[in-house]
Amino acid sequence: MIRNVAAPAIEAMNVARRYGRRWALADVTFRVAPGRVMMVAGRNGSGKSTLFRVLSTAIRPDRGWAKVGGFDVEHEREDVRQRSALLAHQSYLYESLTAKENLDVVARIIGRNATAALLDRVGLAGRANDPVSTFSAGMRKRLSFARALLQEPRIVFLDEPYGQLDPEGFQLVDQVIRELKESGATVLVATHQVDRVAGYADCSITLDAGRVIGTSGELE
Amino acid sequence: MKRSFAIAFALLAVGVYFGLIVTAGEQYLHADLSLGVSVVARTLIAFLSGLAAVIVFLGGDDIENYARPKILLVTGVLFLLVGSYFGLFVAPPEQFMGDTQRIMYVHVPTAWFALLAMTIGFVSAVVFLFNSDFVWDARMEGSIEVGVVFAFLLCCQGAIWAKPTWGVWWDWDPRLTTTAVLLFAFLGILALRRFVEDPVKRGIWSSVATIIAYVDVPIVYFSVKWWNSLHQQQSSPNTVSKPFWIPLRANAFGILLLMVAFIMLRARISALRLKHELAPPPLVEAQLGEAV
Amino acid sequence: MIAALRKELLLQWRTRAQFMAVFVFGASALLLFSFAVGPNAEILRQFSAGFMWLGLLLSSTLTLAESFHAEMENRALEGMLLLPANARVIYYGKAIANWLQLVLLGFALVPVMVVLYDAGTTRLLSLALVIMLGAAGLSAPGTLYAAMTAQVRSKQTLLPLLLFPLIVPALLASVKLTSLIILGDPMGQLSSWMKLLTAFDAIYWSLCGLLFGRVVEE
Chain A
1 MIRNVAAPAI EAMNVARRYG RRWALADVTF RVAPGRVMMV AGRNGSGKST
51 LFRVLSTAIR PDRGWAKVGG FDVEHEREDV RQRSALLAHQ SYLYESLTAK
101 ENLDVVARII GRNATAALLD RVGLAGRAND PVSTFSAGMR KRLSFARALL
151 QEPRIVFLDE PYGQLDPEGF QLVDQVIREL KESGATVLVA THQVDRVAGY
201 ADCSITLDAG RVIGTSGELE
Chain B
221 MKRSFAIAFA LLAVGVYFGL IVTAGEQYLH ADLSLGVSVV ARTLIAFLSG
271 LAAVIVFLGG DDIENYARPK ILLVTGVLFL LVGSYFGLFV APPEQFMGDT
321 QRIMYVHVPT AWFALLAMTI GFVSAVVFLF NSDFVWDARM EGSIEVGVVF
371 AFLLCCQGAI WAKPTWGVWW DWDPRLTTTA VLLFAFLGIL ALRRFVEDPV
421 KRGIWSSVAT IIAYVDVPIV YFSVKWWNSL HQQQSSPNTV SKPFWIPLRA
471 NAFGILLLMV AFIMLRARIS ALRLKHELAP PPLVEAQLGE AV
Chain C
513 MIAALRKELL LQWRTRAQFM AVFVFGASAL LLFSFAVGPN AEILRQFSAG
563 FMWLGLLLSS TLTLAESFHA EMENRALEGM LLLPANARVI YYGKAIANWL
613 QLVLLGFALV PVMVVLYDAG TTRLLSLALV IMLGAAGLSA PGTLYAAMTA
663 QVRSKQTLLP LLLFPLIVPA LLASVKLTSL IILGDPMGQL SSWMKLLTAF
713 DAIYWSLCGL LFGRVVEE
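Protein chains in written order, with our numbering: chain A, 1 to 220; chain B, 221 to 512; chain C, 513 to 730.
So here's chain A without its partners, still in its complex pose (with noise of 0.2 angstroms):
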């Protein structure tokens, strides 16, 4: 393997974690380069989501470590939640806010203004104000998306962004990933749409049952 030069995005090393008497993930070793999209395949169960949830620091690592942007997820959380963005399967939406409401909460704390704008973007000008329990499970996706990209992140974790979305949302997640890649972003794409994402992800990783079973494409 060539040695790149540059700091990985992403590195973890021996991560594991469990649940109670299960570990979701056993131990997880791999390095992603900046500004890669990589893919993360494998069953249900086999400890996506978790990784995603240890990566982006909602969850510590139990063993190993990992690094974030140069940052490590456990000691200097912080630095990783400023640089980085989850969409999870949570949508951390309140269910009694409207669209527009849930972003503008968001938008104040970390003090950005582009609200109105993304939610355009992914298709919800047109139900800015109606409160999210009205929202059907693909609406709620593209706003948890609209959410993530209102924190311009570096690095941004999607764990399966095509769930629950119709076809035109499954092009707005292709067109979305396209532009933070050419933005330099570096994008995880954890999906069972292993044919879809594989045509753009420069790299790919496979778990099952908390390990990494196999890789392919550059990853560095």
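Quick caveat, the hints were computed from the structure, so don't treat them as lab data.
Keep in mind the model is a prediction, meaning the values are calculated, not measured.
Just so you know, even glycine gets a beta-carbon here, dropped at the ideal spot from N, CA and C.
Hints should not be assumed to be uniformly reliable.
[To be verified] Non-contacting residues of chain A with respect to chain C, defined by C-beta distances greater than 10 angstroms in every case (computed):
| no. | residue |
| --- | --- |
| 1 | Pro34 |
| 2 | Gly45 |
| 3 | Gly123 |
| 4 | Leu165 |
| 5 | Gln193 |
[Unchecked claim] Computed, partial: chain A to chain C, Cβ under 8 angstroms:
| no. | residue |
| --- | --- |
| 6 | Ser56 |
| 7 | Ala58 |
| 8 | Ile59 |
| 9 | Glu78 |
| 10 | Gln82 |
| 11 | Leu86 |
| 12 | Ser91 |
| 13 | Glu95 |
| 14 | Lys100 |
| 15 | Glu101 |
| 16 | Val105 |
| 17 | Ile109 |
| 18 | Asn113 |
| 19 | Arg121 |
| 20 | His192 |
[As the list claims (entries may be wrong)] Okay, the calculated beta carbon distance ranges per label pair:
| no. | chain 1 | residue 1 | chain 2 | residue 2 | range |
| --- | --- | --- | --- | --- | --- |
| 21 | B | Ile275 | A | Ala7 | 42 to 50 angstroms |
| 22 | B | Asp353 | A | His89 | 32 to 40 angstroms |
| 23 | A | Gly45 | C | Leu641 | 30 to 38 angstroms |
| 24 | B | Leu498 | A | Gln90 | 55 to 63 angstroms |
| 25 | A | Glu152 | C | Leu521 | 22 to 30 angstroms |
| 26 | C | Val549 | B | Gly318 | 58 to 66 angstroms |
| 27 | B | Leu498 | A | Ser183 | 41 to 49 angstroms |
| 28 | C | Met699 | A | Arg112 | 53 to 61 angstroms |
| 29 | A | Thr134 | C | Phe537 | 27 to 35 angstroms |
| 30 | A | Arg112 | C | Ala548 | 53 to 61 angstroms |
| 31 | C | Phe619 | A | Gly45 | 48 to 56 angstroms |
| 32 | A | Gln90 | C | Phe619 | 34 to 42 angstroms |
| 33 | B | Trp389 | C | Met699 | 26 to 34 angstroms |
| 34 | B | Phe267 | A | Arg22 | 44 to 52 angstroms |
Chain A is already provided as a structure; the job is to place chains B and C on it using the hints.
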């Protein structure tokens, strides 16, 4: 590790000597064993070396060996037997309260060591929050449980004393009431531990709750004291004059040793459970594991 | 900080129907207390402060638990924590919002108390102050424990179990102060109880803020 046990035992011996043996010598052998140390200094030495012994016993405990707590258990029971004999049969009845006062020989030490156990729990909680070492979580669980048991005993003893003396089971004495509140607070923390399965979360949450509850103890005490101040202030039975010292102190040492022994034993149970819960991921056979 | 508080107030406003329900719960509690004691006007008046605060305390468990309901639905709390914002800010936003709700609840229960127990007073400003200080004493540790128990099974039983022994001093002080205001304060005890309550609030608002981060991180 073995050395710390010996040191702690030596400290204990010093405390027992100055706190108990000298007084016994004065009273029953009419001999002066005090080595020239004044009464006040003796009490202070006994108190400090007892405390130091507790700290070294628990701090140097590796939560593995079972012989040590058993030794302490046996020694503690012996002291308790001596103290109880003196307390029940030898010491004179008190001036105002007669024989009911004898319960003070267990009540007073139980009170001291309930508070000490809770303090040990508090210190363990703080240390655990700083270094995330599960040994301290085990110690905290052990000391809180022992503290809860002692607090419960305190309430029972208080009730037993109050009925013949005041005619009611409970007299809202500030110290006893604070103990009751303390009992409920820490029972709540133990309940919290039962409901949380993840060991890390369980440790952190119960440490936080312990700190919050412990800080509250003096506040509760003062508030209950003021609240109760309009009522007649009950006087405590006399335990300060010399004839009462021997049973009181013998029991004190006994209960101190029992407290330490129980904390050690309970911490071992916790530690075993934690070892099981924190086991590393199982190794899988050759086919997987080809890393990048 | 303002942003966090704003979000809390917005959430509370959206779910304001729930406030009505909690108020009715509190008022019913006060009614039930009078049934427990009997229609003796003297006694009811004497214990009115205690009843009101007990009613408020019981209602607070509902309010506090509810304050984290929205956060747990879609893991919104985690979403907030992952933003580059301090966990402490989130805590104080919630604690202040809960405090406001409890104060409003307290104010709403006063007329109920006045009517049911004939426990009126003209010293409304003092009463308002006591309610605000007492609610602060409930809100700070309550918000912390609500955050903890929201993530656990049996959350309804754990929250009161943990909270009630802890807030005994605040309860004693609030009841005593309210009693002194309604029934008179011949021995001038008001200021010492005020000091106790204020000290309790100061200690717990700082301590719980410090510890909140550890409680919600995973």
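Okay, which hints does this one fail, numbers in order? Of the numbered hints, 14, 18, 19, 20, 23, 24 and 26 do not hold.
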